[in-house]
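What follows is each chain in one-letter form.
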Amino acid sequence: MKLHDLQVELGLDNLQTDGLLHRAPAPLRVFLADKRGVAGLLILLLLTVAALGAPWLTEFPPDRMSAMPHLPPDGDHWLGTTRMGKDVFAQLLYGAQASLTVGLLAGALATLIGVFVGMCAGYFGGRLDDVISFIVNVALVIPALPLIIVIASFVDSASPMVIGLVLAATGWGWTARIIRAQTLQIRHKDFILAAQLLNEPWWRILAAHILPNMLSLVVSGFVLTTIYAILAEAGLEFIGLGDPSAVTWGTILFWGQQNSALQVGAWWEILPACFAIMLTGAALVLINFTVDEIANPLLRKRRGEKAVIAYLRKKGLPVND
Amino acid sequence: MRFILRRLGFYCAAFAVALTLNFFIPRLMPGDPAATLFVSLRGRMSQQSLDAMRAAYGFDGSLWDQFVAYVIRLLHGDLGVSTVNFPQPASEMLLYAAGWTLFLVGVATLLSFVVGILFGMLAAWRRGSFFDTLFTPVNVMLNAFTPAVVALLLLYGFALQLEWFPLGRAYNIDLEPGWNMAFMGSVLYHSVLPLASLVIIAIGGWHLSMRNTMINLLNEDYITLARAKGLSGRRILFRYAARNAMLPQITSLALTFGFVLGGALITEVVFNYPGLGKFTLAAIEKRDYAFIQGQLLLLTFTVLLANLIADLLNLLLDPRLRDRSELA
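Line by line, the protein sequences are chains A and B. Note that the first sequence covers residues 1 to 321 in the working numbering. Note that the second sequence covers residues 322 to 649 in the working numbering.
Same shape as in the complex, but just chain A (with noise of 0.2 Å):
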């Protein structure tokens, strides 16, 4: 009982009750305790919900004009207008369906491909593994940007989803190089040496062993490759090599610039889009703390760890900081 009151007077008592997420599995309880990664995960899940909402949301049309040319945020258009009449809040809905889209789909494709890749060249090793790496490495040191440019310039105006093919294409290097570097330390453990003795096929050793413990390497690269994504996709179009009839936040940039909305004073043509693009990479960084917090326990906040100490402290006892 003494104990117990001590806690109280810490500030402790609350810390081991984890109440119904006390049954979860530890990663998720690590994830759901963190403030960092739930509030990213609550804006990206609002982020959706607008995008899917849009035809709800707004009566207006992204790609038609709908009233006069650069009108200033009103009650009617809550965002203003674009050059073409067009009503920027209904873009800025409509646009978030095609980016997060192609985000979230170059980023899985990314994703799957390392993996698979970096699974393959870690377990079978030997001459695979020479040339897979060998690729990889090639692929990382040529710099992608530039070559995706250069390709994306060979397909006339490429649509959202063609820009997303080509990130995703390019993109699963670095996943690939961790996942292997993963795979060659689990292979040799004695789970996976049973797995085979007992004839399991290659597949379901990869699958059903190897993958699940290194599940929280998978998520962060995701996370990762979807920032890229989105950040590449609206830089791409941006500097005006997507097809610029699609409504996405890069266009909306892409067009802003186009007609120097910003000197002559229309602002509301280009910031909404921005803050669009800073608050989808925000969640996803915040997301990306809990899940490397996951990944790796050193960098995990010690719980109650200031109390303790200041605990310690007051009785005078020597704690390093």
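Everything labelled a hint here was simulated from the structure, so no lab data went into it. None of these values were measured; they are calculated from a predicted model. Treat each hint with caution, since some may be false.
[To be verified] Cut-off 30 Å, straight-line C-alpha distance, at most; resulting in silico cross-link-like pairs (DSS-like, lysine-lysine):
{"#": "1", "chain 1": "B", "residue 1": "K550", "chain 2": "A", "residue 2": "K315"}
{"#": "2", "chain 1": "A", "residue 1": "K314", "chain 2": "A", "residue 2": "K2"}
{"#": "3", "chain 1": "A", "residue 1": "K2", "chain 2": "A", "residue 2": "K315"}
{"#": "4", "chain 1": "A", "residue 1": "K314", "chain 2": "B", "residue 2": "K550"}
Model the placement of chain B on the given structure of chain A, informed by the hints.
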């Protein structure tokens, strides 16, 4: 030694791959590559001289002959003639733009490296402090804001609204370029916003990687030993922890420098800065293959060179690697 030779071999192979890609890219285009290449010259030159140029620039004969001719011309430092700014050689334009990019992106890289490393050190040392909990997420989030967004916001705030800085260009065009105070002052003044937009984005990466490396190191036994010896906190921080945590950062600094000549495409577009990124974009729009190929080749070369330098630096700075040269 064997390690270095193996790395050298790898870089040569990678360069060969890049060279081949570079050769095939315009030839994979639908239609006749030579026609696309010289279409902008039509009307300015007779059919005869066009044919002569086709031959001179290696667009006749078998694909293999063309490839050999391409490599031979490269060995002579001949990147071809820019079709946009005809008849300027592409290499001349490349050099001009490379100068501006080297200045802008080089300075930005160094600045963000120094600031980011210091931030990361402090955040790891005073982990969980106000500084760490505020600046670590903020810096990393800034890292996830695309250059387009940051550059546009800076342009809007400081150039359009406050009118503190110019809207674009690298220097005041009324001035004659030269090594005098007025011109260099103008260059500095014009570089503030583009620099700021590049630095703001890049700090977060250095910050986070330095912080995470430091945190892992601070849990090592030798740090505990240093503490037990009663060394001052400052000494442990700088001489023991930070020094070792710098190793991977210096490697990635060398690698980042390889990409400097990639240019800051988006920043250069927003601020109308005459760097490689902006020239490349213009070349892509006008299908100036000589310039695009030259730029890709230059970039690949510097990236590979930077990788080699990073390998050597590591060998130089980390004695552990010298003993086990099998680490590849």
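Hint check, failures only: Failing hints: none at all.
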